[in-house]
Amino acid sequence: MTSSKDSQHRFAKALDRLEGDVELLRDMAAMTTPKMPALLGDADECMGRLDCAGAVRALHQLKGMISTFDSDHVPLKIQELLDVGRQGDLATMRERLQTHRVAIDELIRAIRAFAENTA
Amino acid sequence: MSKVLVVDDDPSIFLLIRKALADVAQMVTAETAAAGLRELGQDNFDCVLLDIMLPDRDGLSVYGEIRDHDPRLPVIFMTSEASSETAIEAMQLGAFDYLAKPLEIRTLCHLVENAIEQRERSSVPVEIVASDEADCTRGELFIGRSRVMLDVFKDVGRVSKQDLPVLVRGERGTGKELVARALVQHSDRSAGPFLAVNCAVLTDSLLESELFGHEKGAFPGAESRRVGKLEQCHGGTLFLDEIGAMSPVVQGKLLRFLQEQRFERLGGNEELTSQVRIVAATHRALEPMVADDDFREDLLYRLNTVTIDLPPLRERSDDIPLLIAYFLNQAKREFDKPDLRGVSPEAVDLLKAYDWPGNVRQLRSVVRRCVLDASLPVIVADVLPEDIRRGESSPEILGLAPEDRDGPSGRAMPSLVDRLLREKSSNMYGETIAYAEKYLLLRVLRETDGNQSRAAEMLGITRGKLRDRIATYNIQLSDGVRLGNPR
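Residue numbers (this note's numbering), protein chains in the order written: chain A, 1 to 119; chain B, 1001 to 1487.
Only chain A is shown next, with the shape it has when bound in the complex (with noise of 0.2 Å):
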């Protein structure tokens, strides 16, 4: 299990933003977390029934929630997707949001575990 400490120094960044406010942070934690899998789902639907613009929407909201805890690596990987996506090459997309799937997923599971983590 991640200790309370361990999250603070993985947003780290994100705290010097809010000036520090941890309580701040993981009441923005809570609020998106539960989102986050479902913005993920609406544009593997979406990609389903090739609505391109569709997935772009979904994909670009979730960037936004995901780049208040971690403005770096997974937000550089879904504007790769958007990239590709506002091209209209939907396979690329589909093929790009495979391989950072899992990063992705990893960071969600992390904000998660920092909203829940009261210690």
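Careful, some of the hints might be misleading.
Claimed, not checked - Have a look at the derived ranges for each label pair, beta carbon to beta carbon:
1. A:Gln-87 to B:Thr-1203: 48 to 56 Å
2. A:Asp-21 to B:Pro-1321: 46 to 54 Å
3. A:Leu-50 to B:Ile-1433: 54 to 62 Å
4. B:Pro-1071 to A:Gly-54: 34 to 42 Å
5. B:Pro-1055 to A:Gly-48: 17 to 25 Å
6. B:Thr-1032 to A:Glu-23: 27 to 35 Å
7. A:Glu-23 to B:Glu-1113: 17 to 25 Å
8. B:Pro-1193 to A:Gln-87: 54 to 62 Å
For the record, the hints were derived by calculation from the structure and aren't laboratory data.
Here a beta-carbon is modelled for each residue, glycine too, at the ideal position from N, C-alpha and C.
Chain B: place on chain A using the hints.
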């Protein structure tokens, strides 16, 4: 307490903004564009934070409706899609500012406080009104109602019909060429040609060829005959700016022309005549140059039969509001800012209190930049350059760019040119050459530890010319080579 409307489809952002603005403003939230516009119609807000990608509409298009509703309402765009295109588009539309996500509490707070403050300040009645009707299409007009400027107008009226040379004296940026043009306009030569030559930007031999022309083979590279400005200007007026920078050889030839209206092309034997009125200008006192043998006394006496002295702007501060109004209306039209209402009283006071080392040209540039930078319909004190708010001269007034506060490094040339393009400067050539020249002179003078003879030799110009350029840019040679404040 001030009220801020936040439109974003991510509710966690509301938590952050509520916390950040707890002491600053009350917050109303909306998760869609439609809800946001509804709130806007029901309440009065002091600032709007608007996400660019909303579920129902594009935030950039929502902005248009907000602006129609209240053009003075500052709108700050937010987006996680921070690209140069969206930032440029948002600012072009007239956004107050643009925030990239993830948001940072300190930046957000500072920006919203600033927006609210500007909203308050721009709500006061304007001191100078930006008019849509004012005639400001005639370029840089001669403007002023002060006693000193009335004297100038009277002088122009008195001497314009006389076919005598005129010497116009005044600091840089005071409008010496405008005096020359006014003299032409009100003279019997108004239908004749008007040509201008800046004696400081040409080398001695080029200036000589520019004025008197040259024959084929007169010097290496002279592949064909060239007709000089004196010939081209027959029946008209030739404006010689920065006459103090002219070399003794050219001074001698010009004196002969003034006395006899005769000259020869370089490398030619044929004596030519031309009926040209000479209007010369200088920002330097020529008398000390005569004492130093850098300027011919007989030429000075020929030129200063009629002298018009242009006052620096600081000596006619009563004209500043008039000039601001003129440049404001000009920029409003040129930069297509229909919502621009005017300048706040506080900003006018600061502009009036400033000493304007770059004179009217500098005031014009500042007003144009403020019009470009203002995101609200009123130009308030905050939009003014920092040095004007503090009452100090900035590197840009010294003709430098913000990058080189310690003197021109040469590196800021691209940003200088970009700025001049942005401001649609009408003096790009002069300002860019001046920047390069300052860099060159400082570099060489530093190399020679301030020794002017050695520097002149290295530069390939006369000592007199170097002295003129040192004086022009007020280069200080004591305690190390550096730039002083402009004169």
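- Item | Hint numbers not upheld by this structure, sorted from lowest to highest | The structure breaks none of the hints.
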